[in-house]
Amino acid sequence: MAPRAIALLGKDCEEQQSSGHRASIGSETMSKRPVREVIQRDTLVRADPTTTVKAAADEMARCRCGSILVMEGEAVVGIFTERDLLMRVVHAGLDPAETKVGEVMTKAPDTIDADAPIGDAIRAMDQFSYRYLPVIDSGRCIGVISTRHLPFGAVIGMAWEIDERHRLAERIW
Amino acid sequence: MPRRPVRDFLARDTLLKAEPEETVRDAAIGMAAHHCGSVLIARGDALVGIFTERDLLSRVVAAGRDLDTPLIEVMTANPDTIAADAPIKDAIRQMNECGYRHLPVIENDRVLGILSIRDLPFAEIALMEKELDDRQSLAERIW
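Quick mapping for you: the protein sequence lines, in order, are chains P and S.
415 is the number of the first residue of the first sequence in my numbering; add one for each residue after it.
24 is the number of the first residue of the second sequence in my numbering; add one for each residue after it.
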């Protein structure tokens with residue numbers, strides 16, 4: 415399902431023009447809808463911890479997916495992403511054919527509940543620079559939400575809030 | 024609202040560039056050092072391609088190529104770009120339609136920088152709401 419964020423921007427934009435507040439654009443609508451609506455696929459892209467990075471990369475490329483869940487049975491024990499491939503394998507000089515994905519994954523990744531609002535996912539991804547968040551439904555992983563597939567309108571709608579947070583962070587640091 | 028050009032919204036971030044004959048290893052070192060997911064490939068100032076983490080994944084590691092492969096063999100040639108003088112509306116339209124988060128900005132055949140989704144003015148997007156929605160509905164029908 416393609417997100418309809420832009421359509422939902424309309425009402426808030428009228429409010430913005432009358433009140434002069436721009437922080438609320440989008441955040442009242444699209445960003446309050448549940449995360450489960452923007453999960454991209456039905457089947458999980460997954461690997462065992464003992465899978466080689468080469469085999470994991472093959473699977474990610476085949477599925478055109480930038481991340482792969484590392485699972486033991488039904489439990490997510492880690493996530494391995496394009497960025498990990500760059501930083502922890504290629505840049506670290508490791509051989510993808512020899513390295514196990516369990517050795518270079520991010521262990522016990524943060525997750526988000528399928529019923530949480532999309533806005534919470536955007537906030538978490540921005541704050542911790544995550545590009546992928548496993549989505550959990552009743553204790554089971556049902557997919558991954560990625561920055562690439564976040565609804566355009568919801569991200570834009572939160573840009574002001576996010577920028578403000580960055581300004582605050584800069585002052586704190 | 025005045026028709027402001029793309030150049031007005033360019034953030035002054037480091038622009039990561041490499042020559043097409045440089046290797047994947049060179050690019051990976053630069054990308055890792057700058058925590059940057061893409062490198063623009065340029066001959067001098069002329070943009071010829073872009074190399075991203077996704078290309079590293081699918082065209083290098085998954086394809087079994089080694090890190091000494093020249094970038095020209097694994098980059099995406101002739102990526103979509105936007106002119107620095109184009110109205111920002113055109114950039115918004117293009118990013119929304121194609122799902123881009125980043126768009127190389129060109130001026131007189133020279134790479135000027137990268138426009139990020141974060142740089143977009145959302146007052147302008149709000150005004151384009153009807154048009155963008157129509158396009159999205161169209162895309163839904165096609166897919």
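Just so you know, these hints were derived from the structure itself, not from any lab.
Idealized CB from N, CA, C, for every residue including glycine.
Any given hint could be a false lead.
What the hints assert, rightly or not - As a list, the in silico SDA-like pairs of lysine to any residue whose alpha-carbon atoms are at most 25 Å apart:
(1) Lys112(S) x Ile95(S)
(2) Lys446(P) x Ile140(S)
(3) Lys514(P) x His58(S)
(4) Lys514(P) x Asp91(S)
(5) Lys40(S) x Ala69(S)
Claimed, not checked - Just a sample of chain P residues kept apart from chain S, beta carbon distances all over 12 Å, derived:
(6) Asp472
(7) Cys479
(8) Arg497
(9) Asp498
(10) His505
(11) Thr525
Here is what the structure says about each hint:
1. Lys112(S) x Ile95(S): violated, 32 Å
2. Lys446(P) x Ile140(S): holds, 21 Å
3. Lys514(P) x His58(S): Distance ~23 Å between lysine 514(P) and histidine 58(S) Cα, so the pair holds.
4. Lys514(P) x Asp91(S): holds, 23 Å
5. Lys40(S) x Ala69(S): holds, 11 Å
6. Asp472: violated, 5 Å
7. Cys479: At about 9 Å from chain S, cysteine 479(P) fails to clear the 12 Å cut-off, so the statement is violated.
8. Arg497: violated, 6 Å
9. Asp498: Per Cβ check, aspartate 498(P) is inside 12 Å of chain S; nearest 10 Å; violated.
10. His505: violated, 4 Å
11. Thr525: Correct as stated: the minimum Cβ-Cβ distance to chain S is 22 Å, above 12 Å.
The structure fails hints 1, 6, 7, 8, 9 and 10 (numbered hints given earlier, in ascending order).
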